[in-house]
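First to last, the protein sequences are chains A and B. For what it's worth, the UniProt record's numbering labels the leading residue of the first sequence as 1, then goes sequentially. For what it's worth, the UniProt record's numbering labels the leading residue of the second sequence as 1, then goes sequentially.
Where hints are given, some of them may not hold.
The list treats identical chains as interchangeable, and a pair is accepted whether it falls inside one copy or across any two copies.
[To be verified] Computed list of lysine-lysine pairs in PhoX-like fashion (alpha-carbon distance at most 20 Å, straight line):
hint, residue 1, residue 2
1, Lys-176, Lys-75
2, Lys-178, Lys-51
3, Lys-178, Lys-276
4, Lys-51, Lys-96
5, Lys-176, Lys-276
6, Lys-75, Lys-276
7, Lys-96, Lys-176
8, Lys-276, Lys-96
9, Lys-51, Lys-276
Just so you know, these hints were derived from the structure itself, not from any lab.
Number of protein chains: 2
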Amino acid sequence: MLNRSWVESANAPDTDFPLNNLPYGVFEIGGEARCGVAIGDMILDAAGAEKAGLTGTEGRCQDAAWNPLMADGPKAWAAFRARLTELLAEGSDARKAVEPLLVPMAEARMHLPFTVAEYTDFYASRHHATNVGTMFRGADNALPPNWLHIPIGYNGRASTVVVSGTDVRRPVGQTKAKEADAPSFGPCRRLDIELEMGAIVGTPSAMGEPVTTAQAQEMIFGYVLLNDWSARDIQAWEYQPLGPFQAKAFATSISPWIVTRAALAPFAVDGPPREKDLLPYLETDFPDGYDVSLSAEMNGHEISRTNMRELYYSAAQQLAHHASSGCAMRTGDLLGSGTISGPDASSYGSLLELTWGGERPLDIGGSPRTFIEDGDTLTLRGHAQGDGYRVGFGACTGTILPAPDFP
Amino acid sequence: MLNRSWVESANAPDTDFPLNNLPYGVFEIGGEARCGVAIGDMILDAAGAEKAGLTGTEGRCQDAAWNPLMADGPKAWAAFRARLTELLAEGSDARKAVEPLLVPMAEARMHLPFTVAEYTDFYASRHHATNVGTMFRGADNALPPNWLHIPIGYNGRASTVVVSGTDVRRPVGQTKAKEADAPSFGPCRRLDIELEMGAIVGTPSAMGEPVTTAQAQEMIFGYVLLNDWSARDIQAWEYQPLGPFQAKAFATSISPWIVTRAALAPFAVDGPPREKDLLPYLETDFPDGYDVSLSAEMNGHEISRTNMRELYYSAAQQLAHHASSGCAMRTGDLLGSGTISGPDASSYGSLLELTWGGERPLDIGGSPRTFIEDGDTLTLRGHAQGDGYRVGFGACTGTILPAPDFP
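Start from the sequences, fold in the hints, and give me the full structure.
So this is what it looks like as structure tokens:
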């Protein structure tokens with residue numbers, strides 16, 4: 001049910017940001033980037049609210065990143081969210097004090113909402129793994145033998161995680177045509193998106209100390225939309241034997257608002273049935289999937305519709321696996337879910353799958369597309385649908401610029 | 001030729017730290033970690049020297065990490081090194097002012113010398129790649145087809161890079177015996193070292209802006225010894241298709257002193273001959289290899305002797321490749337060279353190779369060893385030999401503790 005706010009735009013049934021959501025971002029209007037909370041079509045200046053003594057916290061909203069609050073853990077998160085809900089609820093006594101701290105979202109430039117410590121990308125959609133495996137290795141070896149046992153993942157590059165709206169240069173790299181004797185070097189010709197969710201680690205874990213899935217779940221602060229831009233031609237030539245590297249290193253875009261685990265809790269669902277039993281360290285006794293509708297657009301034309309519940313492994317399972325060897329996890333670690341593809345061709349989360357390796361062009365407003373051309377804009381959207389309201393993520397968008405000249 | 005210092009221990013022919021070296025570390029004697037420079041068996045308190053106005057810098061030595069100086073670039077590095085050389089040279093006028101700032105190295109506890117931004121591990125020794133490829137994939141597929149064209153690498157985990165002397169817990173993880181139907185979960189049974197060099201990025205590069213090998217060379221601040229601890233049984237089961245993950249995530253040890261590129265310059269050598277021409281973006285027109293003798297010990301018994309010049313790809317080439325897609329590189333990025341193995345069995349850089357997959361135990365003082373047992377101490381050492389002096393790295397050591405109980 002909608003929690004009504006005195007911010008009227010937050011009560012619209014199609015806003016991404018009702019009082020039920022309260023996602024955390026970092027915004028800038030004229031100079032200084034600061035912490036903010038989305039409410040309807042406004043942003044609450046959280047730094048200002050904290051300074052004014054309204055949030056009951058100290059020094060959690062004064063950086064241009066939410067990491068200080070993220071590190072505080074679930075009790076602090078719950079108290080902060082409860083206080084924000086009080087301040088913004090219909091009939092709140094605090095309205096007079098809070099109203100001057102609201103700024104129009106339309107005027108804000110958004111920044112990364114947190115400092116990314118490290119970025120890991122998983123591979124947790126069975127349909128995606130099967131599709132890509134079929135194209136890269138053939139139908140007989142599509143799903144790797146470990147896939148039903150391990151939430152397969154690889155470490156990605158944190159230095160190029162950027163906020164939605166950041167332009168992305170077409171990457172340059174080595175590729176090799178099947179018939180060629182030697183590789184060549186030049187701009188990527190099979191540039192792709194990957195429609196993913198990003199889970200954000202709040203509380204850290206120590207080196208040498210694995211965590212259970214229940215502990216992992218409590219460590220997760222929230223989620224963003226994530227586009228793991230991918231250079232398929234570079235990937236095909238480089239990825240054996242040590243995994244994707246430059247094919248994924250040039251950019252990863254995330255949506256600007258961290259939707260908290262608390263806001264998504266009403267939309268928790270059970271994970272998919274298991275074909276093979278999981279090892280005990282990966283089992284969960286709580287619903288760890290989420291019913292979140294997702295879509296992708298190219299130049300404003302929808303090209304895919306899928307759902308976060310398609311993930312075979314949840315962020316809690318991925319995080320427990322990530323820490324299982326004794327790997328220390330940090331505040332600000334970002335875990336990409338892996339491309340989320342559904343069972344049918346309209347629900348695939350990458351152009352590689354949507355065009356089946358470039359063989360079946362998409363019709364983008366009369367213009368055929370296989371992979372991304374310079375100037376194309378790709379946008380992800382997502383929301384969980386409640387009764388008369390939605391908890392939305394906003395958009396995760398990026399436009400491709402021509403490749404750089406090599407120095 | 002030895003540059004003589006008024007610190008007498010720095011003039012011994014077997015010290016790792018003559019005036020020619022001047023490596024940067026972070027040390028602690030009674031409470032506070034601070035920047036220091038090794039000279040003979042002493043450490044110059046660089047934070048104190050800077051505060052006393054002796055270094056000609058401001059705010060470059062006041063953190064417990066060398067990142068501020070690292071970010072300043074080659075001109076600042078050269079000026080700082082020249083000033084240190086002046087201060088510590090035989091006959092220096094500054095002796096009286098500097099002497100009270102020297103502390104005995106034997107009393108210091110060392111910390112990580114810099115804040116690791118991200119960690120990438122390469123695979124640049126041909127003998128190692130061939131040996132491992134033979135064991136994991138068979139002799140026919142030993143060297144991957146891209147290996148002679150790409151400095152193959154993967155992103156590692158920065159959160160578990162630790163300084164020499166830090167104990168390491170045996171990792172836990174999934175493994176699958178060849179004959180088993182399903183994987184099991186438990187302590188690693190094939191725990192290994194990887195004898196590597198780590199190159200440290202000083203000056204950063206921007207997203208979307210590749211760099212040449214000449215530019216990359218100028219970005220490199222210095223080198224450390226690096227032990228990329230590896231869980232071979234976990235690796236074998238997890239590494240396809242996206243590369244090593246938990247098998248390498250639990251710990252990476254580095255030596256405490258950053259030996260600068262300037263200190264190693266007299267030992268630069270040409271890289272190995274190329275079997276196939278490199279693409280132009282990887283070519284170098286300067287000697288980018290180094291003649292650095294390396295060794296590994298288990299419990300004080302030498303098990304390997306090799307040399308940094310065995311690397312097929314240099315750090316400059318690896319860094320240029322790393323940035324080639326447009327990947328932004330950061331001050332504090334750590335690039336592992338990959339295991340450095342020579343051509344013969346006494347020069348292999350891992351137990352996997354030294355024992356040929358565990359088939360040929362080593363004799364460690366009468367005790368047979370294939371992989372690492374709890375309580376074993378593994379140590380790497382390295383130095384470049386000059387005429388009457390050496391530029392050394394000190395030791396990179398770690399002791400293995402029993403696996404944690406799973407929570």
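Right, here's what the structure says about each hint:
Taking the shortest alpha-carbon separations for Lys-176 and Lys-75, neither the intra-copy value of 52 Å nor the inter-copy value of 39 Å comes in at or below 20 Å. In this assembly of identical chains, Lys-178 and Lys-51 lie within 20 Å of each other by CA distance neither inside one copy nor across copies; the values are 61 Å within and 61 Å between. For the identical chains of this complex, Lys-178 and Lys-276 are inter-copy neighbours only, at 18 Å across copies versus 36 Å inside a copy, given an alpha-carbon limit of 20 Å. For the homomeric pair Lys-51 and Lys-96, the shortest alpha-carbon distance inside one copy (16 Å) is at most 20 Å, but the shortest distance between copies (50 Å) is not.
In this assembly of identical chains, the alpha carbons of Lys-176 and Lys-276 lie at most 20 Å apart only when taken from different copies (15 Å versus 37 Å within one copy). Taking the closest pair of Cα atoms, Lys-75 and Lys-276 never come within 20 Å of each other, the shortest separation being 36 Å inside a single copy and 59 Å across copies. In this homomeric assembly, Lys-96 and Lys-176 never come within 20 Å of each other (Cα to Cα): the closest approach is 64 Å inside a single copy and 63 Å across copies. With identical chains, the CA atoms of Lys-276 and Lys-96 are never at most 20 Å apart, being 57 Å at best within one copy and 73 Å at best between copies.
In the homo-oligomer, the alpha carbons of Lys-51 and Lys-276 never lie at most 20 Å apart, since the shortest distance is 53 Å inside one protomer and 63 Å across protomers.
Hint compliance for this structure: hints 1, 2, 6, 7, 8 and 9 are broken, all remaining hints hold.
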